[in-house]
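Given chain V, work out where chain B should sit, using these hints.
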Amino acid sequence: MSGVRVLVGTRKGAFVLTADGKREQWDVSGPHFGGWEIYHVKGSPADPDRLYASQSSGWFGQLIQRSDDGGATWEPVGNQFSYQGVPGTHQWYDGTPHPWEFARVWHLEPSPDDPDLVYAGVEDAGLFRSADGGKQWQELPGLRCHSSGPSWQPGAGGMCLHTIILDPGKPGRMFAAISAAGAFRSDDSGETWQPVNRGLRSEGIPDDDAEVGHCVHRLAMHHSRPSVLYMQKHWDVMRSDDSGDSWHEVSGNLPSDFGFPIDVHAHEPDTVYVVPIKSDSEHFPPEGKLRVYRSRTGGDEWEALTTGLPQANCYVNVLRDAMAVDSLDSCGVYFGTTGGQVYASADAGDSWAPIVRDLPAVLSVEVQTLS
Amino acid sequence: MIRVVLPAHLRTLAKVAGEVELDVAGQVTQCSVLDALETRYPVLRGTIRDRDTGRRRAFVRFFACERDLSHEQPGAPLPDAVAMGAEPFLIVGAMAGG
Chain V
54 MSGVRVLVGT RKGAFVLTAD GKREQWDVSG PHFGGWEIYH VKGSPADPDR
104 LYASQSSGWF GQLIQRSDDG GATWEPVGNQ FSYQGVPGTH QWYDGTPHPW
154 EFARVWHLEP SPDDPDLVYA GVEDAGLFRS ADGGKQWQEL PGLRCHSSGP
204 SWQPGAGGMC LHTIILDPGK PGRMFAAISA AGAFRSDDSG ETWQPVNRGL
254 RSEGIPDDDA EVGHCVHRLA MHHSRPSVLY MQKHWDVMRS DDSGDSWHEV
304 SGNLPSDFGF PIDVHAHEPD TVYVVPIKSD SEHFPPEGKL RVYRSRTGGD
354 EWEALTTGLP QANCYVNVLR DAMAVDSLDS CGVYFGTTGG QVYASADAGD
404 SWAPIVRDLP AVLSVEVQTL S
Chain B
11 MIRVVLPAHL RTLAKVAGEV ELDVAGQVTQ CSVLDALETR YPVLRGTIRD
61 RDTGRRRAFV RFFACERDLS HEQPGAPLPD AVAMGAEPFL IVGAMAGG
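Residue numbers (the working numbering), protein chains in the order written: chain V, 54 to 424; chain B, 11 to 108.
Source of the hints: derived by calculation from the structure; they are not laboratory data.
In silico lysine-lysine, DSS-like type, Cα no more than 27 Å apart, as pairs:
#1 K65(V) with K188(V)
#2 K188(V) with K25(B)
#3 K342(V) with K331(V)
#4 K25(B) with K65(V)
Bound-form chain V, shown alone:
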């Protein structure tokens, strides 16, 4: 019997939501690590029982938790994230140099092949790797030490490395995205990196062709067509057909092209989902209507998905890591809100229902498809 396990990180703990393949009846377990911020929880594609969670607090710092039984029990593993060498400086909000300082792990990306291999994207922006199940972490300093690094500036939420994509089509190729530096690509397993931001236009950057400085909110890729990338930028939904070498805008008829998450249907590489947000100063849906927008054409033409979602007086946000899809035959789509709701659609977005309504603010949503 197939099933799904939804891994939810919130401001005050982690929750594990499980259902069979019908995705109608849900069991909710948690809070795990109650009172701690859980920026991300993600399972290993190679071993679905292996989960990693980023646990942090302003008081007590960063921990990484690992489960080897699908989230029933957890054990803390390594939490030493030391930048390699002398970290140097990036730009602070006022333009002055500011030392690189570790704050937290935003995103954990387990290898598709090896349950013990996992990458971590951190604030201040850096990429770390563990090959022993999270016990020890080593920085891949080539990204932070890119020649443009001293000019990177934090976004409003901090200078976070929030997206890591391991390219299934080309061994050694990976992508990372940083707010507010932009998107980067490596072809040597993270040793060296190049910015891939050509075609992005960001108001607030005087140079239209700036190599870095873009506030990329999220990248998404379909495993069957890894040369195509989708991006939700601060403003603008973008697409690249050449592995990030160039980008073009596909915001089309969206009511707002500001937003945070973007994801791709599990079986249809041209079907893309975003959640438009009114603006960068009004982090809530336009008109108080919570609408997921779906494009079946790889962008430009978007349809509002509203069935089962609140269409009045809704002023929540959906954060960048808070949307995911399962890979059942009828693709399931999931997202969590800052109001604590986790919505699920078992029919690729045609209709929605809340799995749970009153969690702490949701920071991240991942889903595992279980056989």
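Okay, now just chain B, sitting in the frame of chain V:
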């Protein structure tokens, strides 16, 4: 025997209830107490003081004998009452945040 009181979240992490009792070799200082604590409970490394710099985390405070010792030098001797086990060394999460 040195008595240490942890804040609730760190008691959960360390899987302890109530006070922690530690043997501390040599002079009893913030540093030697925390070294002994982290040796006994490695999961606490990085939660009280920064792993790289050894500095106290900003929202952690150290109290003992009705005094705030947070700004004392880490190598300074703790009060005799702590060293003799008459009073606990309190590790406190500052009242901040939500």
